[in-house]
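Chemist: Line order of the protein sequences matches chains A and B. Residue 1 is where the first sequence starts when you use UniProt numbering, and the numbers rise one by one after that. Residue 1 is where the second sequence starts when you use UniProt numbering, and the numbers rise one by one after that.
Quick caveat, the hints were computed from the structure, so don't treat them as lab data. Treat each hint with caution, since some may be false.
[Claimed, not checked] Only some residues are given here: those of chain B computed to face chain A with a beta carbon under 7 Å:
#1 S13
#2 Q15
#3 L19
#4 R170
#5 A200
#6 A207
#7 T268
The beta-carbon is built from N, C-alpha and C at its ideal position, and this holds for glycine as well.
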Amino acid sequence: MVQEVLRLQNLQKSFGSVRALKNASFTLGEGEVVALLGDNGAGKSTLIKAISGVFPVDRGDIYVRGQKVSIRSTRDAMDLGIETIHQDTSLAPDLSIARNLFLGREPVNLKWLGVFAPLDLAKLRDAASALLKRVGISKKLDADALVSTLSGGERQSIAISRAMQFAAKVIILDEPTNNLGVEETHGVLRFVKEVRAAGHSVLLITHNIHHVFQVADRIIVMRRGEIVAEQTVADTDLLTVESIITGADMSALLKETRAK
Amino acid sequence: MPVGKRGSSLVRSPQFSSLIILIVLLAVFAIADANFLSPLNISNMMAFLPELGIIALGMTLLLTAGEFDLSVGAVFGLAPVVVMLLVQNGEASIGVALLAGLILCVAIGAINGVIVTKIGISSFLVTLSMLLVVRGAALYITQGFPLKSWDQPGFFVTLLAGSFNIGSFRFYTSLWWFVGLSLLAIYILRYAKLGNWISAIGSNRNAAVARGVPADAVKICLFILTSVLAGLAGMISAFRISAASPVAGTGYELEVIAMVVVGGTALTGGRGTILGTIVGALMLRSIRNGIVLIGVPGLAYNIFVGVIILAMLILHALLQKNAARG
Ligand SMILES: Nc1ncnc2c1ncn2[C@@H]1O[C@H](COP(=O)(O)OP(=O)(O)OP(=O)(O)O)[C@@H](O)[C@H]1O
Ligand SMILES: [Mg+2]
Chain A
1 MVQEVLRLQN LQKSFGSVRA LKNASFTLGE GEVVALLGDN GAGKSTLIKA ISGVFPVDRG
61 DIYVRGQKVS IRSTRDAMDL GIETIHQDTS LAPDLSIARN LFLGREPVNL KWLGVFAPLD
121 LAKLRDAASA LLKRVGISKK LDADALVSTL SGGERQSIAI SRAMQFAAKV IILDEPTNNL
181 GVEETHGVLR FVKEVRAAGH SVLLITHNIH HVFQVADRII VMRRGEIVAE QTVADTDLLT
241 VESIITGADM SALLKETRAK
Chain B
1 MPVGKRGSSL VRSPQFSSLI ILIVLLAVFA IADANFLSPL NISNMMAFLP ELGIIALGMT
61 LLLTAGEFDL SVGAVFGLAP VVVMLLVQNG EASIGVALLA GLILCVAIGA INGVIVTKIG
121 ISSFLVTLSM LLVVRGAALY ITQGFPLKSW DQPGFFVTLL AGSFNIGSFR FYTSLWWFVG
181 LSLLAIYILR YAKLGNWISA IGSNRNAAVA RGVPADAVKI CLFILTSVLA GLAGMISAFR
241 ISAASPVAGT GYELEVIAMV VVGGTALTGG RGTILGTIVG ALMLRSIRNG IVLIGVPGLA
301 YNIFVGVIIL AMLILHALLQ KNAARG
């Protein structure tokens with residue numbers, strides 16, 4: 001197996017009486033695209049929010065490159081090289097593309113002024129333009145344009161390029177193709193492939209199994225807060241995965257999974 | 001504050017359309033009554049302007065971050081009352097009393113901010129309750145009577161409410177406070193890292209938090225800032241008229257919010273403009289002043305003010321729609 005980048009061990013998380021995450025463990029390898037599947041409410045978003053520091057887990061360990069880490073804030077996760085693009089939008093629509101790309105990591109002059117330091121606007125704009133060019137966003141986008149003027153697909157591309165730009169080890173995408181048109185969806189899938197080619201690992205959450213078979217190396221299925229199946233894409237097919245997700249004939253499939 | 005292209009987008013920006021309306025209004029008042037542009041009248045307007053304008057600066061930043069504060073008018077009343085009581089009862093020198101008033105404002109803002117961010121109650125409800133608490137406190141400790149203010153000249157009086165003449169115009173030092181604080185607010189919102197955070201929090205709080213922006217801390221600081229500016233404005237006003245009334249500033253919260261939104265700041269957060277707020281403050285001030293001069297009956301003022309505010313908001317909404325389409 002390729003070198004391990006991220007390993008989760010027995011993660012647990014409850015919201016009051018709802019056990020959103022029961023005992024989740026899995027490993028993500030370098031340059032690997034893993035698809036996380038499961039019905040609504042299975043706990044997928046909860047799992048990735050725990051990894052990206054949105055909230056702490058109740059129990060369980062997270063390892064990055066074999067080192068045990070504690071992720072208490074989104075800043076911790078970012079510093080560990082984990083970049084997340086959340087389901088509930090990742091951009092501030094009233095800010096320009098450039099300001100969004102560097103939100104939380106703004107280039108400034110006079111650093112000693114802390115939060116009062118003036119933004120290095122020239123650098124901000126140049127770096128943003130260079131990045132937009134590098135990730136090859138087909139339509140010419142102005143780094144000064146407000147994000148609210150962009151299409152859903154363009155926004156998703158901006159969010160993904162931001163994740164790539166900070167050379168993240170792990171990029172997590174929560175339903176990145178939601179609400180996107182055909183062309184925009186292909187754009188996002190192309191991004192995922194490029195990201196992998198550049199050596200990043202990707203954790204992809206989606207409800208579209210067809211997309212999974214186009215880009216993923218491995219599939220993980222969650223049900224009611226638990227990981228119920230784990231298979232490499234080459235060893236399975238669409239119908240099998242579909243029935244695992246819906247829970248049809250679970251016992252037989254679980255046996256099959258264990259046998260492998 | 002979005003960084004837009006200069007030129008065409010400046011013309012379409014909300015603060016620009018507000019500026020045009022302001023100029024039209026000033027022209028109408030000036031033609032209708034020659035006294036409108038007289039030194040005495042301009043001096044009068046400039047005396048009142050900073051008091052509400054200073055609060056509006058804080059409110060602009062707070063609104064941009066997606067929250068607002070209804071307790072500013074009450075804080076405007078309470079702060080000077082507390083200061084004067086401490087001095088009159090001989091419990092503190094004027095300097096110490098002012099410091100105590102300042103700390104009180106910090107505390108009120110901090111309580112607002114912590115309840116809104118940490119307990120998650122809307123700022124409308126929290127600051128509405130705070131309005132009642134603070135106004136009630138001012139009435140109770142004064143038993144409802146206005147206090148005679150500190151009228152002996154001294155360093156602090158000059159600092160807050162000193163006046164000077166330029167030609168036949170008479171200006172108060174509060175104008176300098178307003179100018180200085182405006183420049184600072186413009187810098188913060190447009191050019192500083194903090195301003196980027198404030199706009200991002202108001203535009204999409206989750207996105208900002210996901211990028212490691214300390215949204216709650218920023219909001220709490222803005223609540224404190226707004227409260228402190230309201231207290232400062234209250235003291236400036238009390239020193240200027242040499243009296244501190246427990247009912248001073250009644251209704252100011254709505255007047256201030258009107259100034260801010262008339263200037264083009266979005267009530268829903270994310271889009272704030274200090275220049276627009278300055279224009280908005282000038283506009284509301286000159287409307288109140290102008291309609292008196294052109295002979296609108298006193299009891300009808302608010303009809304005019306309300307209609308003009310509504311017209312401005314409709315204009316902004318239409319421009320916004322146009323920009324989205326274009
Ligand atoms: N902040 C929260 N407070 C309370 N319950 C929550 C919270 N977040 C998630 N849950 C609950 O935890 C469970 C898992 O939710 P989660 O968002 O992880 O599902 P999901 O797999 O991402 O679903 P979807 O495919 O619809 O996005 C659900 O029952 C949900 O109601
Ligand atoms: Mg989800």
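Chemist: Look at each hint and say if it fits the structure.
Modeler: Structure-based check of each hint:
{"no.": "1", "hint": "S13", "verdict": "violated, 12 Å"}
{"no.": "2", "hint": "Q15", "verdict": "violated, 15 Å"}
{"no.": "3", "hint": "L19", "verdict": "violated, 21 Å"}
{"no.": "4", "hint": "R170", "verdict": "violated, 35 Å"}
{"no.": "5", "hint": "A200", "verdict": "holds, 4 Å"}
{"no.": "6", "hint": "A207", "verdict": "holds, 5 Å"}
{"no.": "7", "hint": "T268", "verdict": "violated, 10 Å"}
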